[in-house]
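**Q** Work the whole structure out from these sequences, hints included.
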Amino acid sequence: MAALPELSDVMELLRAEVLPAAGAAAAVYFVASMLPLVRRASIPAALAIACGFAAGNWQDQPIDLRLDSSHRLHGSEFLTALQSAVVSTNGTVHPPQRFWLVWIVAGGLIAHVINEMAGNIGWWLKLIVGLLGGWLLAPHDSMTTRLVYAAGYAALSMCIWWVLDDHSSGGVQPFTAALAAGAISILMLYAHILRYSQLAMIMSGTLIAIAFLAWWFQTDCGAVAAVAALGIPGLMLLSQHDSAIDLPRASYSLMAVAPVTLALLGFVYRDNLGARFRGILAILLWLIPVCASLYLTSRVAILEF
Amino acid sequence: MVRVLILAAALGTGMVFADSTVSLNADNTKITFVGTKPKGKHDGGFKKLTGTAKLGSDPTALKVDLEIDLTSIFTDNEKVTNHLKSPDFFDVKNHPKSKFTVTKVEKDKDGYKLTGNLEMHGKSKEISVPATISQTGDSLKLESTFKINRFDWDINYGKNKVDDMVEIKVKIDGKAAK
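Each protein sequence line maps, in turn, to chains A and B. Numbering of the first sequence is given in our numbering, commencing with residue 12 and proceeding in unit increments. Numbering of the second sequence is given in our numbering, commencing with residue 265 and proceeding in unit increments.
These are computed hints drawn from the structure, not numbers from a lab. Glycine is no exception: its CB is placed at the ideal position from the N, C-alpha and C atoms. Be aware that one or more of the hints could be misleading.
Claimed, not checked - According to the in silico footprint, chain B covers these stretches of chain A (three or more CB under 8 Å from chain B): (1) 66-77; (2) 196-209; (3) 253-261.
What the hints assert, rightly or not - Label pairs and their in silico Cβ distance ranges: (4) A:302 / B:368: 58 to 66 Å; (5) B:400 / A:94: 48 to 56 Å; (6) A:274 / B:365: 53 to 61 Å; (7) B:312 / A:261: 27 to 35 Å.
**A** Here's what the structure looks like:
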């Protein structure tokens, strides 16, 4: 029987990360949706995701955005590190792979917005971001390993993106992604990596705020697909590599591929189902593998707080 | 005859130098630490390490090279042990080793001061720590207790939840192999 977390720890998590992320995301999404030049396509959601992460990460900084703790991040320093990470074949790398995750998602958000505004060129950008993401996040064991990871990550990202493009309005997508992110934070507790758990909770807080407003105003929030397509598989890839706890590989895989299950909705005739029922079905389809992942994990590991 | 004597003397001298290297391992070298936080503390250490201590004519000529296997970390709590291995702290999957190389030993008022490079978590930093050193023949006894700031090695998770300073104790009690 797993013990419950201390109430003070939960309150601290809410105060320092979840609420700032949700508040910032809600404010930015609301304001951006009102501005004539910005409210096109997924721009409000993309801005809200970026600001939600920045606000949630502000205090504890579970994900360090600096390359050197002694000074702020410089553009030239970032490009040098990126170049080095791309060509590196060494087993140990600096910065560690996790540094790139938020930048990959940021690249995905930009690619998503471009895709909506400029057509198919955006898909090529998404593919490039997916390939680069897999390359940067993969363990640097060997060239073959990195190639396999890059190809697998890019393929999965494209699949998730393609599936979620059908569910870009009305709040179902961010709501389900928020629930999945909450489940990921529990998986990370099993894996004993608190910074990843905090990142997942920041993600969850951001997405739940966007979900509420998107449902209320019935607006587009397709940019959430970038988080689901790049952020979730990326976090799973990092966790599986970094954790000192041997959790089942299926736990990570199920969590990563869960959004793809929404493709099954394609077999259901739209006319036979109301929007509400389709939404509930979408939530269930995504959450079934998520729950299976947590079940498999709980069979081999103990959740401690 | 004289040549034979000179050769024997040279070989003998060489053997003395060869014998004055102490192989360091987990049996003769203990590295422990105390990590503190506002609500308590945890004791821990490392089960695997290798290295050498080259003895000179006196303790100021001592050279020490130590490589610590960070995956062998242990604490008084298994959950804490696994958490310390994670990217929140040592990130042992990406940085499995830590190295300490003593570059200078100076006489201090209460003992000696060791200066060296501590490489950990992908960063190297020079530190100076107090130590007591006792060198008798081919045996070496060294004890040092000091504190390091984990942020100097970018181990920066949990600011205000886990204290910045970590106390480390090193104890060597070894003898050069004959």
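**Q** Give a verdict on every hint.
**A** Quick rundown of the hints versus the structure:
For a cut-off of 8 Å, the count of residues in the region 66-77 of chain A with a CB near a CB of chain B stands at 4, and the three-residue condition holds. Here's how the region 196-209 of chain A fares: 6 of its residues keep a CB closer than 8 Å to some CB of chain B, so the rule of at least three is met and the hint holds. Only residues whose C-beta sits within less than 8 Å of a C-beta in chain B count toward coverage, and the region 253-261 of chain A has 4 of them, enough to reach three; the restraint holds. For the pair residue 302 of chain A and residue 368 of chain B, the beta carbons lie near 59 Å from each other, so the given range of 58 to 66 Å is met.
The hint said 48 to 56 Å for the Cβ distance between residue 400 of chain B and residue 94 of chain A, and at roughly 54 Å that hint holds. At roughly 56 Å, the beta carbons of residue 274 of chain A and residue 365 of chain B sit within the given window of 53 to 61 Å. At roughly 31 Å, the beta-carbon separation of residue 312 of chain B and residue 261 of chain A lies within the given 27 to 35 Å, and the hint holds.
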